[in-house]
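Protein chains: 2
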Amino acid sequence: MKVSCTKNDLLNSVNIVLKAVSSRTTLPILECILLETDQNALKLTGNDLELGIESTIPATVEKSGCIALEAKIFSEIVRKLPEDEVKITVDANLMATIKCANSEFKISAQSGADFPELPKIERDKSITLKQSTLKDMIRQTIFSVATEETRPILTGELIQIKNGALHMVSVDGYRVSYRKTPLSVENEENEVVVPGKTLGEISKIFSSEEEDQVSIYFTDKHILFDLGDSTVVSRLLEGEFLKYENSFSEDYETRITVDRKALLMSIERAALISREGKKNPIKMEMDSDRLVITSNTELGTAHEELPVNLEGKDLMIAFNPKYLIDALKVIDDDEVAILFMSSLNPCIIQPVNGNEYKYLILPIRLNV
Amino acid sequence: MKVSCTKNDLLNSVNIVLKAVSSRTTLPILECILLETDQNALKLTGNDLELGIESTIPATVEKSGCIALEAKIFSEIVRKLPEDEVKITVDANLMATIKCANSEFKISAQSGADFPELPKIERDKSITLKQSTLKDMIRQTIFSVATEETRPILTGELIQIKNGALHMVSVDGYRVSYRKTPLSVENEENEVVVPGKTLGEISKIFSSEEEDQVSIYFTDKHILFDLGDSTVVSRLLEGEFLKYENSFSEDYETRITVDRKALLMSIERAALISREGKKNPIKMEMDSDRLVITSNTELGTAHEELPVNLEGKDLMIAFNPKYLIDALKVIDDDEVAILFMSSLNPCIIQPVNGNEYKYLILPIRLNV
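For the record, the sequence lines run as chains D and Y. For the first sequence, counting from 1, position 183 maps to 183 in the working numbering; every step adds exactly one. For the second sequence, counting from 1, position 112 maps to 112 in the working numbering; every step adds exactly one.
By construction, these hints were calculated from the structure, which means they are not laboratory data. Please note that the accuracy of each hint is not assured.
In this list, chains with the same sequence are indistinguishable; a pair is considered to hold if it fits within one copy or across any two.
[Stated by the list, open to error] Cross-link-like lysine to aspartate or glutamate pairs, in silico, EDC-like; alpha carbons within 16 Å at most: (1) Lys125 / Glu188; (2) Lys80 / Glu268; (3) Lys221 / Glu191; (4) Lys204 / Asp220; (5) Lys80 / Glu305; (6) Lys43 / Glu62; (7) Lys106 / Glu298; (8) Lys329 / Asp38; (9) Lys72 / Glu298; (10) Lys283 / Glu104; (11) Lys120 / Asp326; (12) Lys106 / Glu305; (13) Lys261 / Glu83; (14) Lys261 / Asp172; (15) Lys221 / Asp124.
Remember, predicted model here, so these are calculated numbers, not experimental data.
Based on the provided sequences and hints, a complete structural model is requested.
Here is the structure:
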């Protein structure tokens with residue numbers, strides 16, 4: 001192999017595919033990045049068998065080839081190279097030479113033939129949306145993906161195409177995050193469960209350009225995200241996801257509207273006193289125009305007051321403050337509405353305007 | 001006690017004294033911040049018995065007092081308070097109430113009488129210089145303070161007042177960092193050894209204002225830094241420091257001048273290949289106009305070339321790359337001179353212009 005490209009293209013591409021490189025694995029080839037020449041292009045691939053990422057950059061190919069380089073040392077070298085043209089040559093003994101200005105590295109390569117191919121995805125059923133929108137949807141839901149493996153299906157997010165919209169849902173047993181966004185063309189109904197890890201990694205490589213799009217393709221076993229220069233393929237999770245639709249009832253006995261940021265700050269302060277573990281809830285008491293938040297532990301007490309608009313009954317209810325904070329941090333709107341049925345039923349948090357985001361959270365039973 | 005001040009003053013002050021609060025100690029009172037009222041002022045103190053910091057802010061004192069609050073929870077509360085006036089009240093049962101806008105916290109306090117006083121320092125022998133200069137001097141020397149406790153005196157830096165200048169020196173057995181700065185007034189000769197930890201913490205609280213000064217007072221056992229609103233008192237280390245003066249000879253057999261940043265980048269790249277431990281040196285070969293840096297380990301090889309001006313003999317020498325990198329990072333000048341005697345003697349790195357900074361480093365013997 002003999003190929004050259006710019007340092008910046010190469011670094012950019014290495015940083016993208018690194019997100020799919022295993023750091024600890026029993027299969028050493030998975031700790032490598034695959035380099036494969038194409039016509040006027042160099043394709044890099046990382047693959048941990050669950051998640052695979054390909055990224056293609058312009059290159060001058062003097063001699064085609066396909067080899068694998070240990071990702072850690074290769075990425076460190078590329079990161080430190082001067083900003084110049086990089087020449088990569090691999091000889092018959094699989095010795096790779098990386099040359100750039102007055103720097104030259106030699107490291108040993110492995111045959112590309114041993115690198116596991118990415119699954120071939122038939123590009124059939126697909127949807128297209130802005131990368132920035134999908135990034136937002138992930139940000140607003142990923143924090144309530146289950147981390148425990150007791151119900152493996154909940155370590156992923158449900159992605160539904162239904163009624164002209166894309167819906168994303170995550171559930172960890174204590175709360176449900178829901179976000180939808182309308183799709184510009186009518187699409188066939190579909191639903192899959194994507195590992196939380198895949199969504200976390202992919203949201204890091206989404207472009208910040210307002211106009212950049214991502215196309216998503218589905219098969220029974222896999223999902224493929226096409227970002228233009230990069231392609232991400234992930235395994236899907238198998239199993240039955242929670243039926244979330246009925247959880248988000250519009251009924252309430254008490255409804256408050258409140259300034260999101262003021263509420264967030266008050267809960268964060270009250271949470272300081274309950275930091276000693278999840279067993280210390282914060283208590284919320286609300287009447288017609290006032291919400292009082294209190295926390296009381298061996299550390300001391302906190303007392304917070306803030307103005308609200310209340311419709312319906314006065315209420316006292318208690319929550320794990322972390323679960324409230326998580327949601328209030330990802331909502332972009334200035335004002336939120338919170339809907340309650342009773343102190344024993346879940347409440348629903350949503351922006352006052354719009355129905356694209358909803359969050360459900362279970363209360364903690366107070367020992368009164 | 002009943003006192004009020006602004007949230008921003010209080011937070012600033014808490015952040016300063018926190019640097020002297022013990023996180024792990026057998027004496028729980030040392031995990032506290034002492035709050036002491038003065039006339040129209042509130043004084044905060046942290047003290048871990050080696051290092052003590054006082055910081056004073058303007059305050060309205062309605063009732064004087066002196067109490068200690070657990071530093072972790074108190075600092076977390078102050079950090080999260082709204083930007084408003086903060087009222088601190090402590091009742092006869094040592095219950096402290098912290099009020100700010102619509103937030104109110106109650107945490108228990110301890111009697112200030114149990115808090116260890118800072119040593120009384122007689123303000124006699126002193127020098128004054130810019131905070132920014134002392135911060136620079138610390139940055140350029142602190143990295144070669146010994147971390148191992150085999151020779152406790154070397155875990156500190158030598159501070160000398162001699163010949164109208166302030167000199168700072170640190171030594172860790174492999175290298176010596178030296179920095180001096182002229183003093184504007186003639187001062188009595190003096191020398192003390194200050195714990196590296198003290199210098200590390202104090203350099204974080206130095207102001208970035210160009211004109212802010214620090215006065216330094218010495219006794220046999222202590223050093224005091226007066227920053228205006230804050231005072232830092234530290235124990236000195238006892239013992240004989242290394243006689244460093246003769247190490248920095250001006251003699252050489254080989255002298256090169258080289259672009260500092262280019263050399264730093266080349267060494268950082270070559271070090272990638274020798275990362276597997278200190279036993280892998282980088283090799284430097286220099287002749288009249290060229291420096292070749294190589295590294296060769298089981299990971300591969302690196303080869304770097306860069307232009308230099310050489311006076312004297314050609315030379316081959318090897319170093320632990322980290323020790324070169326540390327010095328090249330803290331020198332501010334564009335060009336450095338490196339003086340060698342032989343491949344077995346230490347070399348000296350210094351800016352081409354000026355003699356305020358010098359760095360000595362021992363080579364690694366090559367098995368040729």
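Right, here's what the structure says about each hint:
In this homomeric assembly, Lys125 and Glu188 come within 16 Å of each other (Cα to Cα) only inside a single copy, at 8 Å, whereas the closest approach across copies is 84 Å. In this homomeric assembly, Lys80 and Glu268 come within 16 Å of each other (Cα to Cα) only across copies, at 8 Å, whereas the closest approach inside a single copy is 41 Å. Proximity of Lys221 and Glu191 under a CA criterion of 16 Å is satisfied intra-copy only: 12 Å inside one chain copy versus 73 Å between copies. Taking CA atoms no more than 16 Å apart as the test, Lys204 paired with Asp220 passes in neither setting, with 25 Å inside one copy and 56 Å between copies.
For the homomeric pair Lys80 and Glu305, the shortest alpha-carbon distance between copies (15 Å) is at most 16 Å, but the shortest distance inside one copy (53 Å) is not. In this assembly of identical chains, Lys43 and Glu62 lie within 16 Å of each other by CA distance solely inside one copy; the values are 15 Å within and 72 Å between copies. With identical chains, the CA atoms of Lys106 and Glu298 are at most 16 Å apart between copies only, with a shortest distance of 11 Å across copies and 61 Å within one. In this homomeric assembly, Lys329 and Asp38 never come within 16 Å of each other (Cα to Cα): the closest approach is 44 Å inside a single copy and 41 Å across copies.
Proximity of Lys72 and Glu298 under a CA criterion of 16 Å is satisfied inter-copy only: 15 Å between copies versus 47 Å inside one chain copy. Within a single copy, Lys283 and Glu104 get their C-alpha atoms only as close as 63 Å, which misses the 16 Å cut-off; across copies the closest is 15 Å, which meets it. For a Cα distance limit of 16 Å, the shortest separation of Lys120 from Asp326 qualifies neither inside one copy, at 37 Å, nor across copies, at 49 Å. Proximity of Lys106 to Glu305 under the C-alpha cut-off of 16 Å is restricted to the inter-copy arrangement: shortest distance 15 Å between copies versus 65 Å within a copy.
Taking identical chains as interchangeable, the C-alpha atoms of Lys261 and Glu83 lie at most 16 Å apart only when they sit on different chains, with a minimum of 14 Å there against 44 Å within one chain. When the C-alpha separation of Lys261 and Asp172 is checked against a cutoff of 16 Å, the pair qualifies neither within a copy, at 25 Å, nor between copies, at 50 Å. Taking the shortest alpha-carbon separations for Lys221 and Asp124, only the intra-copy value of 14 Å comes in at or below 16 Å, while the best inter-copy value is 79 Å.
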